[in-house]
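A.B. asks: Residues per chain are reported as follows:
Protein chains: 2
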Amino acid sequence: MDNMDSGDEGQLSKKALKKQQKDAEKAAKKAQYKKQDGKENEPKGDDKDVSEGCYGDLVMIQSRERIDRKIYALKELTSDLADKKVWVRARLQTSRSKGKQCFFVLRQQKWTVQGLIYVGDKISKQMVKFVAGIHKESIIDVEGYVRTVSQKVESCTQQDVELHAEQVWVVSAAEPRLPLLIEDASRPDSEEGLATVNQDTRLDNRVIDLRTTTNQAIFRLEAGVCKLFREVLDNEGFVEIHTPKIISAASEGGANVFKVSYFKGSAYLAQSPQLYKQMCISADFEKVYTVGGVFRAEDSNTHRHLTEFVGADMEMCFNYHYHEVLDVLDKLFVSIFKGLRDRYVEEIATVGKQYPAEPFKFLEPSLRLEYKEGVAMLREAGIEMEDDEDLSTPNEKLLGRLVKAKYDTDFYILDKFPLAVRPFYTMPDPNNPAKWSNSYDFFMRGEEIMSGAQRIHDAKFLEERAKLHGIDIETIKGYIDAFRYGAPPHAGGGIGLERVTMLYLGLDNIRKSSLFPRDPKRLTP
Amino acid sequence: MDNMDSGDEGQLSKKALKKQQKDAEKAAKKAQYKKQDGKENEPKGDDKDVSEGCYGDLVMIQSRERIDRKIYALKELTSDLADKKVWVRARLQTSRSKGKQCFFVLRQQKWTVQGLIYVGDKISKQMVKFVAGIHKESIIDVEGYVRTVSQKVESCTQQDVELHAEQVWVVSAAEPRLPLLIEDASRPDSEEGLATVNQDTRLDNRVIDLRTTTNQAIFRLEAGVCKLFREVLDNEGFVEIHTPKIISAASEGGANVFKVSYFKGSAYLAQSPQLYKQMCISADFEKVYTVGGVFRAEDSNTHRHLTEFVGADMEMCFNYHYHEVLDVLDKLFVSIFKGLRDRYVEEIATVGKQYPAEPFKFLEPSLRLEYKEGVAMLREAGIEMEDDEDLSTPNEKLLGRLVKAKYDTDFYILDKFPLAVRPFYTMPDPNNPAKWSNSYDFFMRGEEIMSGAQRIHDAKFLEERAKLHGIDIETIKGYIDAFRYGAPPHAGGGIGLERVTMLYLGLDNIRKSSLFPRDPKRLTP
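Protein chains in written order, with this note's numbering: chain A, 883 to 1407; chain B, 883 to 1407.
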């Protein structure tokens, strides 16, 4: 490999360095710069560039030397720092030159500050022109004075100050044409007449799209859902486990499973950690949770299906009744909702600006209805259905609206589902084992976000139920055998992280809460 | 589906229930029992069983009713509870009858207590016989008096008390023949002449194997590694992300990758979250980490390779020098080691009983050596090698021993690896870019546990390096494009959770720290 940039660096950086060293305020003596490639700021006879060495393109930062320089975060730029000279590193979001000055906006995640540079004793016309020419989205280092402003800068998060630049260096230049503009991608759909960005363009250019303050907020909140999930369960004495994603057989019925070439044979991708978390219960872990990839080969192109999502699953023993587990799940969700509401105020507000939604409402403890009560509500609303008939998606949504109207909650639990619509390992209801089951779904804004149940912990009965479901017992031998040597009664459930985030925030598409979504038609980026 | 057990339940449980209700101490009025199937405790004329209704097989717990009964954890059974009547639910580990009495050991995760039942006014011969006949590993409910003992029960964790049983009910019966015995599986290899269990038998019957106190401790400690990893990085302002496991191209060179059928086309399983975590850096997340499945189609049948493992990866921006990141990683590891040492004292001691190992030693801050210093140490020890030659596994281990001897640490960082042995996205060392790189490995007990580096954040240079490595640029277009629109300098690294756990505890095989290990020959259970 050739030394790609030491030539430039060796000759041109010294001048910049010299200038830099004069700046007694800074400890940045050792930075090595190269000058801008353009010609305008080349010294020409008398017309010497007074700003020489104060701007240009930095050599690629390759860890030449460690520089002990305080770089301020944009959020730190407040009137507390008035008249202080600071360094910042941020993206150039926009710039606008106007005669001898150039206004620009710097962005760092969700924070923005207005910058300003104008021709003067220390600032040359060439430098202002250079700044005005920096491509949007480039990362730049700016040194300047924090100045308070008489009128609030309404368009930025840092409204009381602006930054008067004296040095501007490009750390990493963006290409001149962006596939999408951050302003467009940040605009609510409701602002008619102005450009917005369609979903495929966003996803094709996800790295830029993710830079919007809305996306920064969505994924911070999603990390919060996951953190709260673990926090609550850790406090309840759960152990975190990791279950295999590559499995030997299509364990949950065989349909909708991805096949993997495994050396000379083949394997499958797990459709859930279900069987393994149960095996851990039988292996005496008592209370377990796991967060990890879940894979569904469903050819569903809807607003709420992904072929790969993040499952957050739990499973626990109970003593006498699966409602002991339901209580823990109830507490889990209420704690997640409270945690989001209290700790992510800013993120929720940020997302709401682009994607307005009613604040998420919940009760404590959560509303619990039996399946047949839900069906009764639907019937009352004119829907004709049997009380053990499966809920269609429209009916599920309608029920959500009915529940909201009656109980003023966006979250509720539907308990005692019909046995026929649940997986083979679901425990039948002892009071009517042919019709009902000890299973439940949780709903947010009228959409299902969790399915769970008491599981059958008796190997013989489990085998019998699997056979009834037409499952080849040999393919799940390891699972069934797990219950042959003593297994406690247990129940659990799992959520999709993306779906909970989507519904909590009232987003209209799960692709908005998946960093790099996967669906039947999308595998990139 | 038929009602499988309501017949039994309806007729037989009432007697048991009646007896139960008399027990004024207990609030267990509503429990429903069925009697033991055997004949010995059937009332026969005058020979009425005085213990009738105090023992037997419980009907499968199907959440009939919620019972408000305090069930004590075995660890709570101490002399504080002396002479108190308590209920416990635990596994029957062993039992031994001796005339009119039967001693047994109850186990709950890592806790054990001695139980005792003897023929008396309330306890029939039949009942003692029933208890003696319960299969090992069955889960049983026992009610009895906690009694202090004059001589410590050396074989149990609860040494000051034993439990004098008055009721014994089988919650879930184990089959009579166990594929392996917990005692055998718990024995150190050093105890000659006594049975131990070989690895394949263990893994074939993993659910039972995992019940040993050693395994309970290993996986609790592993959860601790993960928790500490997140805790430290959360405190440093990192955001947790989730990267896709199904990817469109074999991104990191093409070899050793699992192929997946993806609807009508095909896809691959990610060999690391590398590219995606970097894309998140370019998407302004600044500091990210992710924990998730990592897949390697390597046909390596060694003590330290798995085809699927849990990767805990981080990536972060830095200002001037990748050592800013190395400092965070250093702190991360020191914090993990301290956290394990301080919070998992018992687990470490438990594992050490079966698998003795020297306590893990580390320095604060960690020892850092340059690659060439490591090579110099090896040369001094008689190894002939070039200073930029790759480290063979034996040399890696030897270096670990040399470092331990010289610096008394089991953990160290080797910095500035030869460029030639690193992936295409590694940043060359600016001082000798043809030979060295800004990359590092971390070692525990002489084995590599983390590889990391400053990454190339310049799209053109990245493309150039990828081409030099013979990578088809089209297959990683999304990745390279991620750096075209401004990207900050960044570095990171990733660990395998199983390997860190194995080496921290000094285990000899990574299959000991993977719940359900996957290797070229093992896909089940």
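Keep in mind that the hints are not guaranteed to be accurate.
One copy or two, it doesn't matter: identical chains are merged, so the pair holds either way.
[Unchecked claim] The calculated SDA-like cross-link candidates involving lysine to any residue, where the alpha carbons are at most 20 Å apart (straight line), are:
{"id": "1", "residue 1": "1146", "residue 2": "1178"}
{"id": "2", "residue 1": "1034", "residue 2": "1247"}
{"id": "3", "residue 1": "1349", "residue 2": "1000"}
{"id": "4", "residue 1": "957", "residue 2": "1031"}
Rather than coming from a laboratory, the hints here were simulated on the basis of the structure.
A.B. asks: Now look at each hint and say whether the structure bears it out.
C.D. replies: For each hint, the structure was consulted:
1. 1146 - 1178: Classified as between; 15 Å across copies, 24 Å inside a copy.
2. 1034 - 1247: neither (44 Å within a copy, 46 Å between copies)
3. 1349 - 1000: neither (79 Å within a copy, 44 Å between copies)
4. 957 - 1031: within (16 Å within a copy, 65 Å between copies)
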